[in-house]
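Residue numbers (the numbering used here), protein chains in the order written: chain A, 1 to 268; chain B, 269 to 592.
Simulated from the structure, these hints should not be mistaken for lab results. Every residue, glycine too, gets a C-beta built ideally from N, C-alpha and C. Keep in mind that the hints are not guaranteed to be accurate.
To be verified - 27 Å max Cα-Cα, derived BS3-like pairs, lysine-lysine:
no.	chain 1	residue 1	chain 2	residue 2
1	B	Lys411	A	Lys76
2	A	Lys149	A	Lys48
3	A	Lys226	A	Lys268
4	B	Lys483	A	Lys268
5	A	Lys76	A	Lys268
6	B	Lys411	A	Lys268
7	A	Lys48	A	Lys226
8	A	Lys149	A	Lys226
9	A	Lys211	A	Lys195
10	A	Lys149	A	Lys195
11	A	Lys76	B	Lys408
As the list claims (entries may be wrong) - Covered stretches of chain B (chain A as the covering partner; in silico rule of three or more C-beta atoms under 8 Å from a C-beta of chain A):
no.	segment
12	322-329
13	341-350
14	370-378
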Amino acid sequence: MHAVRCVAVAVFRESVRDRVFYNLVLFAVLLVGGSILIGQLTAGQDVKIIKDLALTATSVFGLFVAIFVGINLVSKEVDRRSIYPLLAKPVRRSEFIVGKFFGLLLTLLVNVVVMTVALYAVLFYLSRGVPPNVQQAWDAPALDPALLKAIALIYVDLSVVTALAVFFSSYSSPMLSAAFTLGLYLVGQFNADLKRFDQIVSSPVAIAIGKACYYVLPDFARFDVKLAVVHGLPVSAGYVAYTALYAAVYIVALLLGAILIFSRRDFK
Amino acid sequence: MQAAIRTHDLTKDYQVGFWRPRPYRALDGLSIEVAPGDVFGFLGPNGAGKTTTLKLLMQLVFPTSGTAEILGRPVGDVAVRRRIGYLPENPYFYDHLTAEELLHYYARLFRMAAADRARRVPAILDRLGVGAERRMQLRKFSKGMLQRVGLAQALLNDPEVVFLDEPMSGLDPLGRRDVRSLMLELRDQGRTIFFSSHILSDAEALCSRVAIVAKGRLAAAGRLTDLQEFAVHGWELVVSRVPAAVLDGVRSRVRRITAITGDRFAIDLPADGRPEQLLAELMSAGATLVALNPVRETLEDLFVRRVAAVGEGARGSEETHARR
Numbered sequence: 001m002h003a004v005r006c007v008a009v010a011v012f013r014e015s016v017r018d019r020v021f022y023n024l025v026l027f028a029v030l031l032v033g034g035s036i037l038i039g040q041l042t043a044g045q046d047v048k049i050i051k052d053l054a055l056t057a058t059s060v061f062g063l064f065v066a067i068f069v070g071i072n073l074v075s076k077e078v079d080r081r082s083i084y085p086l087l088a089k090p091v092r093r094s095e096f097i098v099g100k101f102f103g104l105l106l107t108l109l110v111n112v113v114v115m116t117v118a119l120y121a122v123l124f125y126l127s128r129g130v131p132p133n134v135q136q137a138w139d140a141p142a143l144d145p146a147l148l149k150a151i152a153l154i155y156v157d158l159s160v161v162t163a164l165a166v167f168f169s170s171y172s173s174p175m176l177s178a179a180f181t182l183g184l185y186l187v188g189q190f191n192a193d194l195k196r197f198d199q200i201v202s203s204p205v206a207i208a209i210g211k212a213c214y215y216v217l218p219d220f221a222r223f224d225v226k227l228a229v230v231h232g233l234p235v236s237a238g239y240v241a242y243t244a245l246y247a248a249v250y251i252v253a254l255l256l257g258a259i260l261i262f263s264r265r266d267f268k
Numbered sequence: 269m270q271a272a273i274r275t276h277d278l279t280k281d282y283q284v285g286f287w288r289p290r291p292y293r294a295l296d297g298l299s300i301e302v303a304p305g306d307v308f309g310f311l312g313p314n315g316a317g318k319t320t321t322l323k324l325l326m327q328l329v330f331p332t333s334g335t336a337e338i339l340g341r342p343v344g345d346v347a348v349r350r351r352i353g354y355l356p357e358n359p360y361f362y363d364h365l366t367a368e369e370l371l372h373y374y375a376r377l378f379r380m381a382a383a384d385r386a387r388r389v390p391a392i393l394d395r396l397g398v399g400a401e402r403r404m405q406l407r408k409f410s411k412g413m414l415q416r417v418g419l420a421q422a423l424l425n426d427p428e429v430v431f432l433d434e435p436m437s438g439l440d441p442l443g444r445r446d447v448r449s450l451m452l453e454l455r456d457q458g459r460t461i462f463f464s465s466h467i468l469s470d471a472e473a474l475c476s477r478v479a480i481v482a483k484g485r486l487a488a489a490g491r492l493t494d495l496q497e498f499a500v501h502g503w504e505l506v507v508s509r510v511p512a513a514v515l516d517g518v519r520s521r522v523r524r525i526t527a528i529t530g531d532r533f534a535i536d537l538p539a540d541g542r543p544e545q546l547l548a549e550l551m552s553a554g555a556t557l558v559a560l561n562p563v564r565e566t567l568e569d570l571f572v573r574r575v576a577a578v579g580e581g582a583r584g585s586e587e588t589h590a591r592r
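Model the full assembly from the supplied sequences, consistent with the hints where possible.
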């Protein structure tokens with residue numbers, strides 16, 4: 001566990017040095033600029049649009065960090081051979097993989113927390129001085145705590161993407177890892193459709209393959225509750241917990257796979 | 269006594285070729301034993317299997333067959349890694365870190381307490397001659413300075429056994445001298461040093477024992493003084509002011525007499541030529557002794573011959589294999 005913590009902190013430090021958090025500046029500009037612009041263009045919808053914009057930006061920016069930092073986490077160390085002196089230290093290969101994963105999760109956590117604070121600050125600013133009768137017409141209050149459910153599930157979603165990136169990075173090149181991770185992420189958005197494949201095709205083989213893919217591939221759509229939260233629709237704590245558990249199972253399976261592959265790998 | 273390093277029939281095949289992968293034997297049945305406190309030179313030309321052996325010992329690659337132990341434990345044992353240090357060939361470190369930060373990171377992996385780290389990191393950087401640069405990011409370091417940082421991280425945990433892969437690589441003459449003195453210092457502290465090199469003068473100056481590998485096979489191993497080739501093959505006696513008549517008198521008992529300059533001559537004697545008797549004879553005739561040296565094969569001669577022999581053997585077996 002000690003080695004995992006050391007490797008994780010090193011990943012976080014590298015993210016800071018590599019200016020990963022510059023995306024926060026872009027996020028702030030987008031949020032502030034968006035709120036000024038939207039405030040002038042829309043009547044009464046600005047809070048809803050800002051919520052939608054900020055949640056989408058949190059998800060997209062996080063996705064970029066998870067994929068483009070994640071795919072290099074392991075492969076860069078192998079390509080540059082910085083892994084040689086590291087693995088000669090008392091560090092198991094499994095600890096290296098898990099440390100890399102948690103290091104990027106820490107980076108994403110800081111990213112998401114800062115974005116969340118910025119979002120609530122902008123929403124607070126926008127809702128100041130708005131008469132109560134206007135506020136009552138909104139689908140959800142400006143400083144709606146339910147936003148945190150959407151943000152938590154965005155973070156869970158990013159955790160699965162990170163696990164995918166680490167898994168592919170443990171044995172393939174950054175380019176292929178990026179293609180595989182992004183590909184699976186996109187396929188995972190439409191995974192639920194595979195379950196209903198029998199309503200579209202009649203071939204039993206195709207239906208079986210569709211069902212198998214549904215159970216094997218991650219269902220990324222289930223992490224997306226942005227729309228529901230923005231429109232004030234209820235998202236139960238049970239749903240959040242169940243979805244987080246689904247993600248945890250997936251992450252553990254991916255990390256075990258990565259460890260299994262990486263533990264047998266020769267560094268030529 | 270327990271060996272510091274032991275390999276038994278260690279073999280490594282790599283798969284080469286994309287469409288039709290076939291095995292390429294990088295190391296073939298290597299069996300060596302390094303005693304505690306030895307400075308062990310692992311010598312061979314490029315592609316001989318030196319780095320593969322070190323990678324097998326660090327478990328960066330896994331053996332096709334055979335076993336390897338360090339300090340009596342299998343090489344995969346994480347606990348052993350607390351007691352060893354390793355400098356890879358042409359080391360590369362995290363270039364966003366400074367030398368200090370890198371060593372602190374590695375020290376944390378060794379579970380060094382903060383106070384120990386604060387003492388040990390500057391001390392080892394001082395010892396390796398890394399001065400004010402220690403606060404610069406490693407991406408700005410020259411190859412020689414990176415090599416020094418590499419040595420510093422290899423010695424950070426005060427290891428019992430140190431593995432150095434081409435430690436002189438990239439160093440200028442001053443750097444090489446520093447590394448030599450560091451290795452002698454480590455030897456005097458009783459540490460075991462296993463270092464690979466193709467710079468034979470370094471091995472000759474530092475090693476108590478050597479192994480020569482070529483084409484993945486062990487070509488020779490042992491103490492430098494025990495290797496048959498290092499036995500005295502003859503004597504070279506250099507004298508001056510020796511009368512010509514006396515010189516003519518001894519000519520039949522020596523292999524060769526060569527005039528060096530003016531009245532100075534080099535007399536080449538066979539191994540059983542009894543130089544002390546000849547020397548007494550010449551000195552009684554008024555000659556002056558300049559030097560008396562045993563003639564041995566140099567490590568370079570041995571290296572070239574043994575490597576060539578393995579090359580011939582390998583060619584022979586390949587031809588036989590091809591004929592079959």
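Do the hints match the structure? See the list:
At most 27 Å may separate the alpha-carbon atoms for a hinted pair to count; B:Lys411 and A:Lys76 meet this at roughly 20 Å. With a C-alpha separation of about 16 Å, the suggested pairing of A:Lys149 with A:Lys48 holds against the 27 Å cut-off. With a CA separation close to 46 Å, the supplied pair A:Lys226 and A:Lys268 exceeds the 27 Å bound. A threshold of 27 Å between alpha carbons decides the hint, and for B:Lys483 with A:Lys268 the separation of about 17 Å falls inside it, so the pair holds.
A distance of roughly 14 Å separates the Cα atoms of A:Lys76 and A:Lys268; the hinted pair therefore holds under the 27 Å criterion. Taken as a hint, the B:Lys411 and A:Lys268 pair is honoured in the structure, with Cα atoms around 22 Å apart against an allowance of 27 Å. For the hint pairing A:Lys48 with A:Lys226, the CA-to-CA distance comes to about 11 Å; that is within 27 Å, so the pair holds. For the given pair, A:Lys149 sits about 9 Å from A:Lys226 by alpha-carbon distance, which is consistent with the 27 Å threshold.
Distance check on the hinted pair: A:Lys211 and A:Lys195 sit about 6 Å apart at the alpha-carbon level, within 27 Å; holds. Distance hint between A:Lys149 and A:Lys195 is fulfilled; the C-alpha atoms sit about 26 Å from each other, no more than 27 Å. A C-alpha spacing of about 19 Å is found between A:Lys76 and B:Lys408, which places the hinted pair at or below 27 Å, so the restraint holds. By the rule of at least three residues with a Cβ nearer than 8 Å to a Cβ of chain A, the coverage given for the segment 322-329 of chain B holds, with 5 such residues.
Requiring three or more residues with a Cβ within less than 8 Å of a Cβ of chain A, the coverage given for the segment 341-350 of chain B holds, as 4 such residues are present. Remark: the segment 370-378 of chain B is confirmed as covered by chain A, as 5 of its residues place a Cβ nearer than 8 Å to a Cβ of that chain, reaching the required three.
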